[in-house]
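J.: Those protein sequences? They're chains E and U, same order as listed. For the first sequence, my numbering begins at 1 and goes up steadily by one. For the second sequence, my numbering begins at 1 and goes up steadily by one.
Where hints are given, some of them may not hold.
FRET-style restraints, in silico, Cβ to Cβ [unchecked claim]:
#	chain 1	residue 1	chain 2	residue 2	range
1	E	L130	U	F88	55 to 61 Å
2	E	G245	U	S33	33 to 39 Å
3	E	D230	U	A101	21 to 27 Å
4	U	E85	E	Q266	20 to 26 Å
5	U	G23	E	T247	56 to 62 Å
6	E	E231	U	L100	22 to 28 Å
7	U	V109	E	R263	39 to 45 Å
8	E	I262	U	F88	48 to 54 Å
9	U	E29	E	E96	28 to 34 Å
List of simulated lysine-lysine pairs, DSS-like, C-alpha gap at most 30 Å [unchecked claim]:
#	chain 1	residue 1	chain 2	residue 2
10	U	K26	U	K59
11	U	K59	E	K29
12	E	K87	E	K53
13	U	K26	E	K29
14	U	K63	E	K29
Hints are computed from structural coordinates only; laboratory data are not their basis. Since this is a predicted model, take the numbers as computed values, not measurements. Think of the CB as a built atom: it goes at the ideal place given N, C-alpha and C, for glycine as much as any other residue.
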Amino acid sequence: MRVDVRGLSVRYGSVVAVDDMSFSLSGNKIYGLLGRNGSGKTSLMSALAGYRKPLGAVTLDGAPVFENADAMRQVCLVRHTADAADKGDKVSYVLEYGAAWRETWDNSYALSLIDLFRIPLKSKVSALSLGQRSALGVVIGLASRSPLTMLDESHLGMDTPTRYAFYDTLLNDFMAHPRTIIISTHLIEELSSLLEEVVIIDSGRLVLQEEADVLRSRGTEVTGNAGDVDEFTAGLTVLSEKSLGRTKAAMVYGALDDSRLIRARQLGLELGPIALQDLFVHLTEPVGGKL
Amino acid sequence: MFDDRSPIYRQIADRIKADVLSGALKGDEQVMSTNQYAAYYRINPATAAKAFQQLVDEKVLYKKRGIGMFVSTEARDMLRAQGRETFFGEVVDPMVAEALAIGIPLADVIRRIEQHENGGV
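Isolated chain U, as found in the complex (with noise of 0.2 Å):
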C-alpha cells in the first residue's frame, strides 16, 4: 500500500492534503481517528499520530480536544497556494526536461497545452 519511497506518515499526510486539494474533505469536516487511519492502512497507531502531527504544524488540521481532528477552513486555500509556488520547479521543469531528452520540441508541448486550453483535448 506505500511505495516506501518517504516514510509512512508522511504520505499519509500528503493524502489527506491531496484531499483537501480536491474537495474531498471540505473545511470544518472531521477526519477519521487516528486509530481507524492504522487500522486502515495497517499501521501502527503512533505513525499515524505523527501524519495528524504534521498537518496540525502545518496548520491544514486542527485539534478539539476530546472530539478529534478537523479540516481547517484555510487548509484548501493555503495548499492551492503553496502548490503554485512550487509547481513550475517540481512538474513544469521536469517536463520540459523530460520532452528535451526523448526529442519533442518545446513548441510541440506548447501546441498541445493551447489545445487545453481550447478545450480540444
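Extracted from the complex, chain E is given alone in its bound form (with noise of 0.2 Å):
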C-alpha cells in the first residue's frame, strides 16, 4: 500500500507534534520510522491510521485515511504492550475481534503465533506479563496481515530471545506476503539489518528519508593523525569527533569521491562505516540535529 503525506502537522493545543510533514512510501517494504522520544513518531502514526483529523493531507493508495472506513479497515496499527485492549478481555477474545474488523486476516496464523510466543489463550490480558502484552500486539499486527500495519515499540517489551524470534518471523511473513510495514523502535541496531527504508523525524519534522543501506554508506569514520584527519575533513560535513592523545576520530556524512580517497590513503587515514544508529544519534542530537 502507497503512503502519501503532505503538509500535514498535529498540534495538541500550543504543542506541534507533527510539524508541516511532507513524505511518500511507495509501499510494500519495510520501512523503520526513527525519532527520539517526543519526536512525534506516535502522533505521525495516529495521523496515517486515521484515528486524527490531519491538517493537512494523508492518502493510503490515493484516497484520504480519515473517516474513510474502507481504507481504515486496511490498516492495522499496533502500539506497545497491546493497550487498545480492554485488560479484562480473554486473549481468545482479542483475536476474534482482530479478525471480525479485518477482511485480511489469517486466524490460523495468529494461533501459530500465540503458541510460538506462549501466551495463554484464556488468560485475560490483565494477567499477561509485559512480555506477552507486547506479544500479543505483535501477533494482533502480523495477523492482520493488513496493506499497511504499522508496529509502534511494539516489541519493546520482549527479552531479547523473543525479539530475535519476533525478526524472523516478520521478515519470513513480508516476503511471503509482501505490504507496507512501518516499524518504529528505539533498538535500532538489532532492527537495521531488516529495514529496506528508514525515516528519521526529528522534533516533528522530516530529517530524512532513505535506503537504510545508502544511508549506511553516506556515513564514514575517518580516523589518524588529528592534524591530517582535519585537513581531510575540511569542507565535509562532520557529525563528531574525538580525540585520544595525538589520534582523532571524525564521524563525517556524505558520499567520498575517488580523489578523497586516494588523499585518504596518502595520509594514512583509516576509513570505516558507522553503524545506522550512530548515525540516528547525531543526526538528531538536541538542537535539530546537524544536516
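Given two chains presented individually in distinct reference frames, assemble the corresponding complex, making use of the accompanying hints.
T.: Here it is as C-alpha cells:
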C-alpha cells in the first residue's frame, strides 16, 4: 500500500507534535520510523491510521484515510503493549475482535503465533506479563496481514530471545506476504538489517528518508593523526569528533569521491563505516541535528 | 553476524565469492534464493537481492528466468585471476609491513615461506 503525506501537522493545544511534514512511501517494504522520544512518531502513525483529522493530507493508495472506513480497514496500528485491548478481555476475545475487523486476518497464523510466543489463550490481558502483552500486540499486527501495518514500539517489552523470534517471524511473513510495514523502535541496531528504508524525524519534522543501505554508505568514520584528519575533513559535514592523544576520529556524513579516497590513503587515514544507530544519534542531536 | 565494516550486501557477495573460490559452489550450480539468504542472515530481501545483482554484474552469477541464480562456469577462474592481481598488494605487502613493525627480519619470513614450499609446516 502506498502512503502519501502532504503538509501534515498535528497539534495538541499549543504543542506542535508534527510540523508540516511531507513524504511518500512507495509501499510493500519494511520501513523504519526513527526518532527520539517526543519527536512525533506516535502522532504521525495515529494520523496515518486515520485516528485523527489531519491538518494537511494523508492518503493511502490515493484515498484520504480520515473518516474513510474502507481505507481504515486496511490499516493495523499496534502500540506498545497492546493498549488498545481492554485489559479485562480474554486473549481469545482479542483475537476474535481482530478477525472481525479485517478481511485480511489469518486466524490459523494468529494461533500459531500465540503458540510460538507462548501466550495463554484463556488468560485475561491484565494477567499477561509485559513480554506477553508485547507479543500479543505483535500477533495482532502480523496476523492482520493489513496492507499497511504499523508497529509502534510494539516489541519493546519482549526479552531478547523473543525479540529475535519476532524478527525472524516478521521477515518470513513479509517475504510470503509483501505489504507496507512501518516499525518504530529505539532498538535500532537490532532491527536495522531488516529495514529497506528509513524515515528519520526530529521535533515533528522530517530529517531524512533514505534506503537503509544508502544511508549506511553515507557515513564514514575517519581515524588518524589529528592534523591529517582535520585536513581531510575540511569542507565535509562532520557529525562528531573525538580525540585520544594525537589520534583523532571524526564521523563525516556524505559520499566520498575517488579523489578523497586517494587522499585518505596518502595521509594514512583509516576509513570505516558508521552503524545506523550512531548515524541516527548524530543526525537527531539536540538543537535539530547537524544536517 | 556482520562485522559492520562494509555494507551487508557486499559481505554477502564476498561470502558467495569465497564459496566459489573454495569450490563449495561449483559452476552451473544453483545458489539459494534471495528469500532463503534473507531469512538465514536475518536481512531485508532487497539487501540480499542487491548482493545477487552485484554478482550478476560481475558475471559471477547468471540468472535463469523463473528458476533462479546459478554460478557462471568461468566464475572460479575469473575470481582466481582477480585474486592473483590483488594478492601482493593486499596480503603480502601488509604482512611485510607488520613483520618490519614488530622486528622480524624479512629473511626469517622468507625462510618460513620456504618451509611451506618444502612441506615442513
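J.: Work down the list of hints and note, for each, if the structure agrees.
T.: Outcome of the hint check:
For L130/E and F88/U, the hinted distance range of 55 to 61 Å is satisfied, since their beta carbons lie about 58 Å from each other. At roughly 50 Å, the beta-carbon separation of G245/E and S33/U lies outside the given 33 to 39 Å, and the hint is violated. The hinted window of 21 to 27 Å between D230/E and A101/U holds, with their beta carbons roughly 26 Å apart. The beta-carbon spacing between E85/U and Q266/E, approximately 22 Å, falls within the hinted interval of 20 to 26 Å.
Checked against the given bound of 56 to 62 Å, the beta carbons of G23/U and T247/E, roughly 42 Å apart, lie outside it. Checking the proposed 22 to 28 Å range against E231/E and L100/U shows it holds: the Cβ atoms sit about 27 Å from each other. Between V109/U and R263/E, the C-beta spacing of about 31 Å breaks the proposed range 39 to 45 Å. A beta carbon spacing of about 20 Å between I262/E and F88/U contradicts the range 48 to 54 Å that was offered as a hint.
The given range of 28 to 34 Å is broken by E29/U and E96/E, whose C-beta atoms sit roughly 49 Å from each other. Distance hint between K26/U and K59/U is fulfilled; the C-alpha atoms sit about 14 Å from each other, no more than 30 Å. Straight-line distance between C-alpha atoms of K59/U and K29/E comes to about 28 Å, which keeps the hinted pair within the 30 Å bound. With a C-alpha separation of about 27 Å, the suggested pairing of K87/E with K53/E holds against the 30 Å cut-off.
Distance check on the hinted pair: K26/U and K29/E sit about 33 Å apart at the alpha-carbon level, beyond 30 Å; violated. Only pairs whose Cα atoms come within 30 Å are accepted, and K63/U paired with K29/E is accepted, the gap being roughly 24 Å.
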